[in-house]
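> These are the residues of each chain, in order.
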Amino acid sequence: MIKLENVVKEYPGHTVALRDANADIDKGEFVFLVGPSGSGKSTFLRLVNKQEEPDEGRIFVAGKDIGKLSSWKVPMLRRNIGNIFQDYKLLPTRTVAENVSFALEVIGRPRHVIKTQVPAICELVGLGDKTGKYPHQLSGGEQQRVSIARAFVNRPLILLADEPTGNLDPQTAIGIMRLLDRINKTGTTVLMATHDRGIVDTMRRRVIELADGNIVRDQARGVYE
Amino acid sequence: MAIRVDYLARETGNNLIRTPSLTIATVLTVAVSLALLGAALVMMKGVDGLNARFKGDVEFIIWVDKEASEQNVQGIRAALDSSPNVRDSIYINRDETFREFQDFWADSPEVLAAVTPEQLPTSFRVSPSVADLSLVEALGREFDTLPGVLKVDYAGEYIKKLDSFTRTASTVMIVTAIVSAVSSALLMYNTIRTALYARRREVEVMRLVGAANWFIRIPFMLEGMIQGLLGAGLSTLAVYGLNRVITQTIESSDFQLFDPFALEPSQLTPIALILLAVGAGIGFLSSGIAVTRYLDT
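Sequence lines, in order, name chains S and D.
Letter by letter, the first sequence follows residues 1 to 225 of our numbering.
Letter by letter, the second sequence follows residues 226 to 522 of our numbering.
Since the hints were made in silico from the structure, they are not lab data.
A virtual CB, placed ideally from N, CA and C, is assigned to each residue, including glycine.
Treat the hints with care, since some could be wrong.
Said to hold, decoys possible - The following residues of chain S were derived to be distant from chain D, with all beta-carbon distances above 12 Å:
#: 1; residue: S37
#: 2; residue: Q51
#: 3; residue: F102
#: 4; residue: R206
What the hints assert, rightly or not - Computed list of chain D residues with no C-beta within reach of chain S, every gap over 10 Å:
#: 5; residue: A293
#: 6; residue: L305
#: 7; residue: S314
#: 8; residue: V430
#: 9; residue: G435
#: 10; residue: A436
#: 11; residue: I451
Claimed, not checked - Among the chain D residues that face chain S by a calculated CB cut under 7 Å, a handful are:
#: 12; residue: A423
#: 13; residue: R426
#: 14; residue: M431
#: 15; residue: L433
#: 16; residue: V434
Modelling step: build the complete structure from the supplied sequences, incorporating the hints.
Structure, rendered in structure tokens:
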């Protein structure tokens, strides 16, 4: 589903974010990206949804070389990739339901589809009774559930999660991980950058460890270190 | 993909009222620059009308010296009659000259009282068979040296002067209009950038969930276009108002020479369309550039 071939990414000022990275992630896998801050985890994720371009190497998503994708097709790629973030990136002036339906509205989904899918996904993430609330009326865990609902409402092939539990207490984080696990079981490939040792060690999924832009470990059913 | 009209209307409307002071500043700058452009266009249309009216009607006047003898006058008449380049000539004698003089100064009895027919020069009104102004001047010079000729005046010369004055004035106005159009384009560019900045979260989310670029763009470009059109609308009103003032001024004066500067409302329609098109164009382009530059970084 996701394949990196000899990918090099440098930022101005010779900061090497990724050095000759190779990885091959199958459909339906759940993969943790671990490593210290600045090791290249976020760059890895940003390369997959083409927010960044590699300096060298090739990246395949669903079998397609995304480096050859013309710019007007990039939105089509992104419709197959959901994103969740440490800071949720919710729109503060919109309710839970509006935040979720925004993601469908702006890709031109018809109204009747939005009307049925938004309540269903809110129910799925456990916010069925809070669809009319605004983000500031919700707890951190609830806000992250909204962002997961928004990322998943379009049934993407891939879910990219950049430290989704970074702002949450351990108990809440477990709830979020259960939700991501459920989403993964529907066949969605999940790629999650994290610092959370407890989660990685408990879930025992594939772990790709980065250090200074190098992939130093790629281990099935791995632990944090 | 279906265009969600309600979505576009809502987003564009929100953008326009989010920063009212910026929107008003942009609209007014566009209005001022387009009003200048409109005024220049009105003037140029007037000059065109003036030239059309006097084309082929370029005459000159030979003033006869007061001291000239009857023989001198006969000599001039003979020279005019024998010139192949003179189509027609009329001699205005002393009485006729005085009548014209009385008409012209009818409002100023003190001027009339001070002048007797004997003090006025008589003249020949000459219609040349050539229309070109420089040929007419060359022709006029042939008569300048004849005995009894005081001087030769060319009606075309005044038109030429008026023409060059209005052309200079409209050039100045067009240059000013361009400068202020550039400044309104830059202001618009910054207004749209501010709107993008105010909505950076939304734009970020839209890009991440795969909204098409044109879909992100359109509300902002519509915002720019509406601002441009509002400004153009104001400038069109200003042009109609200006034309009304000009028309009333000309109608209340005796100078028929300036008649072509009073335009019919139907003659203003193309100018209004030009202003609206330029306004919409400025809005569309500068907001388009702002959005493109924002999305490319």
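> Identify whether the interface hint at L433 of chain D stands, where standing means a beta carbon of chain S within less than 7 Å of its own.
OK, holds: L433 of chain D within 7 Å of chain S, min 5 Å.
> May I ask you to test the interface hint for A423 of chain D with respect to chain S, counting a Cβ-Cβ separation under 7 Å as satisfied?
violated, 11 Å
> Compute the least Cβ-Cβ separation between Q51 of chain S and chain D, then decide whether it is above 12 Å.
violated, 8 Å
> Closest CB-CB distance from V430 of chain D to chain S, is it above 10 Å?
Answer for V430 of chain D: violated, closest chain S Cβ roughly 6 Å.
> May I ask you to check that L305 of chain D keeps its beta-carbon over 10 Å from the closest beta-carbon of chain S?
holds, 77 Å
> Given R426 of chain D as an interface hint, is its Cβ closer than 7 Å to any Cβ of chain S?
The hint holds - R426 of chain D has a Cβ within 7 Å of chain S, the shortest such distance being about 6 Å.
> Over 10 Å to the closest beta carbon of chain S is the bar; see if S314 of chain D clears it.
holds, 75 Å
> Would you assess whether G435 of chain D, listed as outside the interface, keeps its beta-carbon beyond 10 Å of every beta-carbon in chain S?
violated, 4 Å
> Checking a non-interface call: every C-beta of chain D should be farther than 12 Å from the C-beta of F102 of chain S. Is that right?
violated, 7 Å
> Checking hints one by one. Is M431 of chain D an interface residue toward chain S, by the C-beta closer than 7 Å rule?
holds, 5 Å
> Verify the interface restraint on V434 of chain D: the C-beta must sit less than 7 Å from at least one C-beta of chain S.
holds, 4 Å
> Take a quick look at A436 of chain D and tell me if its Cβ sits farther than 10 Å from every Cβ on chain S, holds or violated.
violated, 4 Å
This entry does not satisfy hints 2, 3, 8, 9, 10, 12, going by the numbered hints stated previously.
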